[in-house]
Amino acid sequence: MPVRPNLLDYRKACVEFTWDDARAALSGLPGGGLNIAHEAVDRHAAGPLAGHEALRFIRADGSSTSVTFSALALEAARFAGVLEELGVRPGERVFSLLGRVPPLYSAVLGTLKHGSVFCPLFSAFGPEPVRQRLSLGGARVLVTTASLYRRKIAGIRTALPELRHVLLVDADEAPGPDTLDLGALMREVTPAAGTALTGPEDMALLHFTSGTTGTPKGAIHVHDAVAAHYATGRFALDLHPQDIYWCTADPGWVTGTSYGIVAPLVHGVTSIVDEEEMDVDRWYGILAGQRVTVWYTAPTALRLLMKAGTGHAEGHDLSALRFVASVGEPLNPEVVVWGQEAFGLPVHDNWWQTETGGIMIANFPALPIRPGSMGLPLPGVEAALVKRDAADRPVIEDGEAVLVSSPGEVGELALRPGWPSMFRGYLHEDERYRRCFAGGWYLTGDLAKRDPDGYYWFVGRGDDVIKSSGHLIGPFEVESSLMEHPAVAQAGVVGVPDPVAGEMVKAFVELRPGHEPDDALRLEIIGFARKRLGPAVAPRQLDFTPALPRTRSGKILRRLLKARELGLPEGDTSTVEGQ
Amino acid sequence: MNRTKAAETAWAALHQVAPDLEPDLTEGGARLRQDLELDSLDFLALVETLSRDAGVEIPESDYAQVATVDGLVGYLETHG
Numbered sequence: 001m002p003v004r005p006n007l008l009d010y011r012k013a014c015v016e017f018t019w020d021d022a023r024a025a026l027s028g029l030p031g032g033g034l035n036i037a038h039e040a041v042d043r044h045a046a047g048p049l050a051g052h053e054a055l056r057f058i059r060a061d062g063s064s065t066s067v068t069f070s071a072l073a074l075e076a077a078r079f080a081g082v083l084e085e086l087g088v089r090p091g092e093r094v095f096s097l098l099g100r101v102p103p104l105y106s107a108v109l110g111t112l113k114h115g116s117v118f119c120p121l122f123s124a125f126g127p128e129p130v131r132q133r134l135s136l137g138g139a140r141v142l143v144t145t146a147s148l149y150r151r152k153i154a155g156i157r158t159a160l161p162e163l164r165h166v167l168l169v170d171a172d173e174a175p176g177p178d179t180l181d182l183g184a185l186m187r188e189v190t191p192a193a194g195t196a197l198t199g200p201e202d203m204a205l206l207h208f209t210s211g212t213t214g215t216p217k218g219a220i221h222v223h224d225a226v227a228a229h230y231a232t233g234r235f236a237l238d239l240h241p242q243d244i245y246w247c248t249a250d251p252g253w254v255t256g257t258s259y260g261i262v263a264p265l266v267h268g269v270t271s272i273v274d275e276e277e278m279d280v281d282r283w284y285g286i287l288a289g290q291r292v293t294v295w296y297t298a299p300t301a302l303r304l305l306m307k308a309g310t311g312h313a314e315g316h317d318l319s320a321l322r323f324v325a326s327v328g329e330p331l332n333p334e335v336v337v338w339g340q341e342a343f344g345l346p347v348h349d350n351w352w353q354t355e356t357g358g359i360m361i362a363n364f365p366a367l368p369i370r371p372g373s374m375g376l377p378l379p380g381v382e383a384a385l386v387k388r389d390a391a392d393r394p395v396i397e398d399g400e401a402v403l404v405s406s407p408g409e410v411g412e413l414a415l416r417p418g419w420p421s422m423f424r425g426y427l428h429e430d431e432r433y434r435r436c437f438a439g440g441w442y443l444t445g446d447l448a449k450r451d452p453d454g455y456y457w458f459v460g461r462g463d464d465v466i467k468s469s470g471h472l473i474g475p476f477e478v479e480s481s482l483m484e485h486p487a488v489a490q491a492g493v494v495g496v497p498d499p500v501a502g503e504m505v506k507a508f509v510e511l512r513p514g515h516e517p518d519d520a521l522r523l524e525i526i527g528f529a530r531k532r533l534g535p536a537v538a539p540r541q542l543d544f545t546p547a548l549p550r551t552r553s554g555k556i557l558r559r560l561l562k563a564r565e566l567g568l569p570e571g572d573t574s575t576v577e578g579q
Numbered sequence: 001m002n003r004t005k006a007a008e009t010a011w012a013a014l015h016q017v018a019p020d021l022e023p024d025l026t027e028g029g030a031r032l033r034q035d036l037e038l039d040s041l042d043f044l045a046l047v048e049t050l051s052r053d054a055g056v057e058i059p060e061s062d063y064a065q066v067a068t069v070d071g072l073v074g075y076l077e078t079h080g
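Read top to bottom, the protein sequences are chains A and B. Reading the first sequence from the start, the letters are residues 1 to 579 in full-length UniProt numbering. Reading the second sequence from the start, the letters are residues 1 to 80 in full-length UniProt numbering.
What the hints contain is simulated information worked out from the structure, not anything from laboratory work. It is possible that some hints are incorrect.
Selected chain A positions facing chain B (in silico; Cβ < 7 Å) [unchecked claim]:
{"#": "1", "residue": "Leu86"}
{"#": "2", "residue": "Arg89"}
{"#": "3", "residue": "Ile220"}
{"#": "4", "residue": "Ala501"}
{"#": "5", "residue": "Ile526"}
{"#": "6", "residue": "Gly527"}
DEER-style ranges, computed between Cβ atoms [claimed, not checked]:
{"#": "7", "chain 1": "A", "residue 1": "His428", "chain 2": "B", "residue 2": "Asn2", "range": "24 to 34 Å"}
{"#": "8", "chain 1": "B", "residue 1": "Pro59", "chain 2": "A", "residue 2": "Thr158", "range": "42 to 52 Å"}
{"#": "9", "chain 1": "B", "residue 1": "Gln65", "chain 2": "A", "residue 2": "Gly51", "range": "36 to 46 Å"}
{"#": "10", "chain 1": "A", "residue 1": "Ala391", "chain 2": "B", "residue 2": "Ala67", "range": "47 to 57 Å"}
{"#": "11", "chain 1": "B", "residue 1": "Gln65", "chain 2": "A", "residue 2": "Gly176", "range": "28 to 38 Å"}
{"#": "12", "chain 1": "B", "residue 1": "Gln65", "chain 2": "A", "residue 2": "Leu74", "range": "38 to 48 Å"}
A few chain B residues that don't get close to chain A, going by computed Cβ distances all over 12 Å [claimed, not checked]:
{"#": "13", "residue": "Asn2"}
{"#": "14", "residue": "Thr4"}
{"#": "15", "residue": "Ala7"}
{"#": "16", "residue": "Glu8"}
{"#": "17", "residue": "Gly28"}
{"#": "18", "residue": "Arg31"}
{"#": "19", "residue": "Ala54"}
{"#": "20", "residue": "Gly55"}
{"#": "21", "residue": "Ala64"}
{"#": "22", "residue": "Ala67"}
{"#": "23", "residue": "Glu77"}
{"#": "24", "residue": "His79"}
Here the structure is a predicted model, which is why all the values come from computation and not from measurement. We put the beta carbon where it would ideally sit given N, CA and C, even for glycine.
Model the full structure from these sequences, guided by the hints.
This is the structure we're talking about:
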C-alpha cells in the first residue's frame, strides 16, 4: 500500500529537526530516566499495541511463530529476573553468541531492562576472536547454544575467569558442566517487576569493531541511542505503523541490534526474523510470502541475488514491498538499478558504522537516488570532509579542522559530535577514543567526496582495515593468528576487491627456513587460521612471498602489498627498506 | 561419476575451500552451512571449485539438493 514518506521536505527537516524532537516521541521512565527496553517493548505492551505482532520467526522448514509485544515484554521480564537471581549487577556485561533465535530477543531486552549491558558476538567467529572479545568486555554472562559452547567456549573457558554464568538456550534440561539451562531458569523465575532506572547516559550496548592495529575496540553505546534509532528508523527506513519489516543483518553486528531489534520495536512494527542462513529462493519466498513492506539488507546479499539472476524473483508477488535499503559497504550502481528489475524498486544505500550507532547518511525515499552514492546526511547530523596531509593525518589549524570545500575533492568523512547514538567511549581505552576526535569533529576513518548537491560518495578506508561483506576486519588480528603457525615467519594481510563481498581477506606470508611454499602448506595455513578466527575473518586467499615490503623500522607496508597485488602505482616508496 | 569418485571430488573441493574441516566431521548428513559452518562466500567458492576442477556446474536452482555432504556427493554422482 502506498504511504506518504515520513521525510518529504529534506531541506526543511534539516533546519527544523532537533534530537529533542525524537526524544519527545519516546515515553521515558519516571524521574527523567530512559531505558531502551522500556521504549522498545514495555510501553507498547502497556498500550494499544500489546496484542500486536512484534516478531515473526521463520523456521528452517518455512513455518513461522509469532510473538506479541506483551509476550515479548514478559519474556524480557523473565530474563531480567534470571539475571537478578544470578546476582548480575547493573552495568555488568551480558554477551550473546547466537543466531537469530527467539531467546536472543528476550536476552537483549531483559539485559537492558535489568540495567546491565548487552554485547552480541558473531556466531561465525572462531574461538580466538570470541575469547578476545569476552575477555576485553569483561563478560559476566554468556548466552549461547550447546553446540557453540562445545565448539568455541569450552576450550577457552579457563582463560575467562570473569565469566560466571553460561546460559544455554537449548540445554533441554541437561546442561553440561559449568553451564545453566536458560529455558528452565526462565520457567521457574519470578519475572522482574520493574525496569532499572537507567539514565540517558548509562551504558546499554557494547559493540566490538576492529582497527588497523591492536585489539578489537568495544564501542560503548548508551540508552539515549534509542532516540537516534527511532529518528533514523523514521527518516531513513521510512517505518510506518503497519509495516512488515525485515532486517537481514546478523545479530552479532551493530546493524542486527540497532535495526534488527531496537528500531523496529520502538516503532511498534512487525519484524520478520529468518532463523536460517541466506538462500536466494528462500529469501524471495519470504519477501513475497510474508508480505514484507520495508527491507533492510546488505550489498553482499544483494550481489548474490543479482548473480543468481532475476529469474528467481519471477513468480513471487513482491507487490507489498515499498522500500529497500542497504548498508555495509558501497553499493555499486549496477545493484541499485538491478533492484528496479528484480523488486520493481531501486535500492537505497545508506552509511553508518559501529561508532555512530545509527544511520548517518542515506538515500531517502522521497528524494532521487544517486546510484553509487551514500546519500545525504540525516536531519540532525552534521557531516563534513576533513583535509588530510601527506602523512594521512587530519589537517588542524588553530584547533579547528580544515575542511574540504570543493566538490569532488577527497577528505576524511567527519561528523559533528552530539547525536544520541554516538559512541561514548571504547571500553577501557580512553586514549584510543580521544584519538577519534580532532578539531571539533569525530573522524570516521572513511575517505569520501561530495558532489555539488551535497551527496557523499565513499572512496575507501583511510587506514588498512578491510571491509568484507560489510564487516570490518583488522589486519593485525589476522596477521597475529597466522604468525602462530610454526611455518609462518611474517604475514601481511590486505583486502583485495571481490565482486560479491566488496573486499576479500588476502594474506601474504613469509615462511620460516625449512618450509616449502607448496599448495598443501598454503591450505594448512588457511585451515589453521579458519579454526582460530572463523570463516568471516580468516584469509580466503594466501600467497607466499620471499620478502614482505617493510619500512626501515620493520613495519609491514600493507598499502604497498595491496598496490602490487592490484597492479597500481606504488606511490612514495622512499621509506621502504632496501629500495 | 561413481560414488567413490564423487565422494573424493566432494571432499577435495571442500578441502580447497575450508581446509579446516576434518574428514571425520564431514559425515554424510552434515549440512554444509549449519554444521560445517561454510558461509555464503565459502559456498560460492565451493560451487566455483567444482566447476573448475571437476567440470560440474551447479545452478542456483539446485543449491537445495547440495545442502548436505550426502546431497553433494549424490549430485556429483548424477551430474559428474
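Against the structure, the hints come out as follows:
Residue-level restraint check for leucine 86 (chain A) is violated (minimum Cβ-Cβ distance to chain B is 30 Å; threshold 7 Å). Annotation: arginine 89 (chain A) was flagged as interfacial toward chain B, and the flag is violated, the nearest CB pair being 35 Å apart, outside 7 Å. At its closest, the beta carbon of isoleucine 220 (chain A) sits 29 Å from a beta carbon of chain B; the interface hint therefore is violated under the 7 Å criterion. For alanine 501 (chain A), the interface hint holds, since its Cβ comes within 7 Å of a Cβ in chain B; the closest pair sits about 6 Å apart.
With a cut of 7 Å, the hint placing isoleucine 526 (chain A) at the interface with chain B holds, because the nearest CB-to-CB distance is about 5 Å. Annotation: glycine 527 (chain A) was flagged as interfacial toward chain B, and the flag holds, the nearest CB pair being 3 Å apart, inside 7 Å. A beta carbon spacing of about 59 Å between histidine 428 (chain A) and asparagine 2 (chain B) contradicts the range 24 to 34 Å that was offered as a hint. At about 48 Å, the beta-carbon gap between proline 59 (chain B) and threonine 158 (chain A) stays in the expected band of 42 to 52 Å.
The beta-carbon spacing between glutamine 65 (chain B) and glycine 51 (chain A), approximately 42 Å, falls within the hinted interval of 36 to 46 Å. For alanine 391 (chain A) paired with alanine 67 (chain B), a C-beta distance near 51 Å keeps the hint of 47 to 57 Å intact. For the hinted restraint 28 to 38 Å between glutamine 65 (chain B) and glycine 176 (chain A), the CB-CB distance of approximately 35 Å keeps it satisfied. For the hinted restraint 38 to 48 Å between glutamine 65 (chain B) and leucine 74 (chain A), the CB-CB distance of approximately 42 Å keeps it satisfied.
Non-interface status of asparagine 2 (chain B) relative to chain A is upheld: no Cβ of that chain comes within 12 Å, the nearest being about 26 Å off. The Cβ of threonine 4 (chain B) lies farther than 12 Å from every Cβ of chain A, with a closest approach of about 22 Å, so its non-interface assignment holds. Look at alanine 7 (chain B): its CB is around 19 Å from the nearest CB on chain A, clear of 12 Å, so calling it non-interface holds up. Every C-beta of chain A lies more than 12 Å from that of glutamate 8 (chain B), the closest at about 16 Å, which supports listing it as non-interface.
Non-interface status of glycine 28 (chain B) relative to chain A is upheld: no Cβ of that chain comes within 12 Å, the nearest being about 18 Å off. A cut-off of 12 Å between C-beta atoms contradicts the statement that arginine 31 (chain B) is not in contact with chain A; the least separation is 10 Å. The beta carbon of alanine 54 (chain B) sits about 17 Å from the closest Cβ of chain A, which is more than 12 Å, so the claim that it is off the interface holds. A cut-off of 12 Å between C-beta atoms confirms that glycine 55 (chain B) is not in contact with chain A; the least separation is 20 Å.
The Cβ of alanine 64 (chain B) does not lie farther than 12 Å from every Cβ of chain A; its closest approach is about 8 Å, which violates its non-interface assignment. With a closest Cβ-Cβ approach of about 9 Å to chain A, alanine 67 (chain B) is found to fall inside the 12 Å limit, against its non-interface label. Listed as a non-interface residue, glutamate 77 (chain B) keeps its Cβ farther than 12 Å from every Cβ of chain A; the least gap is roughly 23 Å. For histidine 79 (chain B), the non-interface assignment is confirmed: its Cβ lies about 19 Å from the closest Cβ of chain A, beyond the 12 Å cut-off.
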